[in-house]
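Protein sequence lines correspond, in order, to chains A and B.
Note that numbering that gives the first Met the number 0 has the first sequence beginning at 0, numbered continuously upward.
Note that numbering that gives the first Met the number 0 has the second sequence beginning at 0, numbered continuously upward.
Worth flagging that the hints you see were computed from the coordinates, not collected in a lab.
Keep in mind it's a predicted model, so treat the numbers as computed, not measured.
Just to be clear, a hint being listed does not mean it is correct.
[Claimed, not checked] Straight-line C-alpha distance at most 30 Å; calculated DSSO-like pairs for lysine-lysine: (1) B:K264 with A:K16; (2) B:K117 with A:K196; (3) B:K235 with B:K344; (4) B:K107 with A:K190.
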Amino acid sequence: MNIIVLVKQVPDASEVKINRETNTLIRDGVPSIINPYDRYAIEEALRLREKHGGKVTAVTMGPPQAVEALKEAVSLGVDDVVLLSDRAFAGADTWATSYALSQGIRKVGEYDLVIAGKQAIDGDTAQVGPETADMLGIPFVAYIRKIEQVEGRKMIAERLMDEGYDVVETSLPALITVVKEINEPRVPSLKGKMKAKNLKVTAWTAKDIGADEEKIGLKGSPTQVVRIFPPAPRGQREILSGSIADQVATVAKKLKEQSLI
Amino acid sequence: MDYLLTEEQIMIRDLARQIAVEKVVPMRAELDEQNKFPTEIMKAMAQADLFGIYIPEEYGGLGKKSLDFYIAIEEISKACLGVSTTYAANALGSYPILLHGSDAQKKKYLPDIAAGRKYVAFGLTEANAGSDASGIQTTAKLEGNEYVINGTKQWITNGGEAEIYTIIAITDKSKGPRGASAFIVEKGTPGFTFGKKENKMGIRASSTTELIFNNCRIPKENLIAKEGLGFIVAMKTLDCSRAGVGAQGVGVAQGAIDECIKFAKGRVQFGQPVTSFQAVQHMLADMQTQTEAARALVYAVARMMDNGAKDFSRASAMAKYFATDVAMKVTTDAVQVMGGSGYMKEYPVEKMMRDAKILQIYEGTNQVQRTVVALDMIREATRAK
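Using the sequences and the hints, build the whole thing.
Written as structure tokens, this is what we have:
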């Protein structure tokens, strides 16, 4: 099976400091790494390839130095890489990024599965996965913690939820995002590292992937960052058990107590 | 210190270090406590190609030499000597095939070894044959197309876990040391079983067992080199592996220093960190200087070997005993600097000190190494006259 993995180069969060005045990340001098969640995506792709055969292609969009993330992917055992890099992509929000990625994926050609990390640790939006799936017109399943079965044109997987998990069946091709519970990423191999060292990557430009200029970069980005603030903590939650009737009665009682009904 | 490593050697170091930090450190106390073989760690090391560093490319390895391999050993040894012994013993067991095996033997065994699919063990030591290897009592008798092996090997690293065993047995008692031969025995051969797993003071992650041969029949093709060359095979093997034990010493010493200084910086006595006391500073300085001297010697010997030196018995003996004596001293001092905490199992240095002891004993005791060095000096002086 042919698998595409979406990777993103991010600043190493353990080294990032925050500018208290502007509430933005101080990125200067911070080393770049592969988004940690993407390492689980790469690992899962490699495991699927080991089981079912095929090819794994890592795709990223970023400045020329994002090639380092692709080299790391190669050192782990990825077969092929695609770098989408063009000044015209600069300033993209998740929507414009997803558009560019989807165009890149179309150019890669035949694929059975696209895997991405559940989110990137810099923006933390978790939007690029679902948006890209939407633009490709394929099913999307988030937070996969286990792929149970891949057979023909369908896949059964477990989706991690706040309490427990769902078992989801999807047709293929599909795009999934994975959580860290799914596997334990391998370390690179020496042969992989040597291959990565000599890797030459030719970037694909906006023109190469036939991207509509209006839909990429800053121009194609509807998002405006108005304010940045820490989210309010989640309220207390309670899980009810027992018969449905009992649970309903309990809920009704509690809501009444709080004068909500 | 800058040892002018190549880009690839730095790559090997960084990768081995990553495995040491991510896979070995979190597991080492449990492996030690439970006397448990590091199966998962070995798999990770295999996947990372670390088993093939010193094996030629035509047999699936990376085609590198001693220094590249020692760098990996050193990094793993920083984290756990039990794991590094398990790893390095593969090389010890492979050298007889690598140095003296036939093309067919190399083709049959080395690819699996390079890929880490099969582990290897070297069987020389017996109850009455340790430092005195001429006391070997295991015999191999040619019967038709098979050798029949009888006897017991003792304290064999990777015993039971390895698939491939290179052993030394006597084919002609009347010839003394020239009557020994080297063989390859595969696990699962009828008549080949293992004794109990030894309960050791240190390197407890490594498996140590007896190898028991009871009318064990192996094909004639499993003879390495020729009959009567067993001691030469063993001695050349040990010449190659010895400096690697030195690399283990450098690793465990550096590992102990790193732990010790981290602790000492935060340990406050008399209102100040203990690192502000000159008594502690001098100990730390000596520990690092001795370790650096040991590293320089080990690397120098490795480079000498890698540049095609013919005879390096003396050099590798020097590297082995100097670096492992340093390891014993430095790990003991690391416990001392850390005081009561150093003695506790909450910190890794007590294990490092227990582990380090074996380095002065195995693959030729440090007393035997000194004899090798002295005899070579005397021989040279005699020749010069």
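Task: Hints breached by this structure - done: 3
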